[in-house]
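Chains as they are written, first to last, in our numbering: chain E, 61 to 257; chain W, 61 to 257.
If you're looking for bench data, these hints aren't it; they were derived computationally from the structure.
Since this is a predicted model, take the numbers as computed values, not measurements.
Any given hint might turn out to be false.
Repeated chains share a single entry, so a pair holds when one copy, or any two copies, can fit it.
In the SDA-like style, the derived pairs of lysine to any residue whose C-alpha atoms are separated by at most 25 Å in a straight line are [unchecked claim]:
no.: 1; residue 1: 146; residue 2: 133
no.: 2; residue 1: 110; residue 2: 240
no.: 3; residue 1: 159; residue 2: 189
no.: 4; residue 1: 159; residue 2: 183
no.: 5; residue 1: 110; residue 2: 198
no.: 6; residue 1: 146; residue 2: 97
no.: 7; residue 1: 146; residue 2: 243
no.: 8; residue 1: 159; residue 2: 220
no.: 9; residue 1: 100; residue 2: 186
no.: 10; residue 1: 146; residue 2: 157
no.: 11; residue 1: 159; residue 2: 187
no.: 12; residue 1: 99; residue 2: 80
no.: 13; residue 1: 159; residue 2: 185
Protein chains: 2
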Amino acid sequence: MGRTSTARERLLDSACELLHTRGYTAVGVAEICARAEVKKGSFYHFFASKQVLTLAAVDAYWEDQRTAWTATLTDPADAPLDRLRKLLAAQVEAQRLAKIEGGAVNGCLLGNLALELSGHEPEIQRRLAEIFDEQTTLVAAVLAEAAATGRIPAARAAHGAARAVIAQLEGAVLLAKLADDPAALDGLWPTVEALIG
Amino acid sequence: MGRTSTARERLLDSACELLHTRGYTAVGVAEICARAEVKKGSFYHFFASKQVLTLAAVDAYWEDQRTAWTATLTDPADAPLDRLRKLLAAQVEAQRLAKIEGGAVNGCLLGNLALELSGHEPEIQRRLAEIFDEQTTLVAAVLAEAAATGRIPAARAAHGAARAVIAQLEGAVLLAKLADDPAALDGLWPTVEALIG
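Next up, chain E with everything else stripped away, as it sits in the complex (with noise of 0.2 Å):
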């Protein structure tokens, strides 16, 4: 057993691995609670449920994720379509880590969580179309700074369009998983390209 203090830092990283290899309704709260090396009892001092935890390791999970996200889109050291092939390219290089430390293509927390909980979570819901919103705003940005520049056309910078992206890397993701291999994702960037272009 660590400290109380970093208890719930080891719930939050356990609930995150757990839900993306497993997923929600597989992993119970004795699961997490014996991988965070917490007792039961300490559980509900922090989260009243799984799904509040749930929400909260999200929650940081999408924290970290925003921080890379706006570092890599907005890097003025990089074009705007460098800057969305480099996001794409930590995407892809995300799953072929996955699957050299942890033996298998895990797909995205935020997509298997989408599908897997989607018409019996509302909350968990919501807050996941909130994070795809955010995504999706953050490729417009890119897109339209690449548009304004004349690299892609106008009309391909809208707010459709980069939710065709994030659509077109979570479809991508979900066939890697299938596959069990990244190599599955080699198209991916030619694939935007080609629907942005």
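Once you've looked at the hints, dock chain W against the given chain E.
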């Protein structure tokens, strides 16, 4: 209870519906039996386990879908790209109907199971991967026809482009399920046109 001769069909239908709306882990054999009005004892006469039933349900579902996909994608009355447009319109219509009749956009049965079970149920995962390969082959054939008549560049008629169309469909359906809004699929055809055009 109906006649024994229809019990297997009822189990398959109930499994398909419950797997689609609720997922694999959340649904048990008892619930499938109750919905099918089949005694639990009889279940094991037909299927050795929930996993075996799921494989049979996925096969039955895709057998129906394959017939529809093939009919639409090879209809000589339509130009190749019109066939692809009609296929995607049918997928969008299915989500619209699910919302009207069942109260929620329930996504793609095969995509839902792919994200939930990959890494945990290797036999189901393998079968789903085969089905997505079949879908890719059917779409690749219609893209090849479109390229042969000069409607799309030859480079966009490769296997990878067909795969990208399937990925866009799955990703867009994921976002529509998350938003619980079939209108989220309104831009699907223009996006796919950009992707292959």
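Checklist entry - Which hints from the list above does the structure break, by number from lowest to highest? => result 5, 6 and 9
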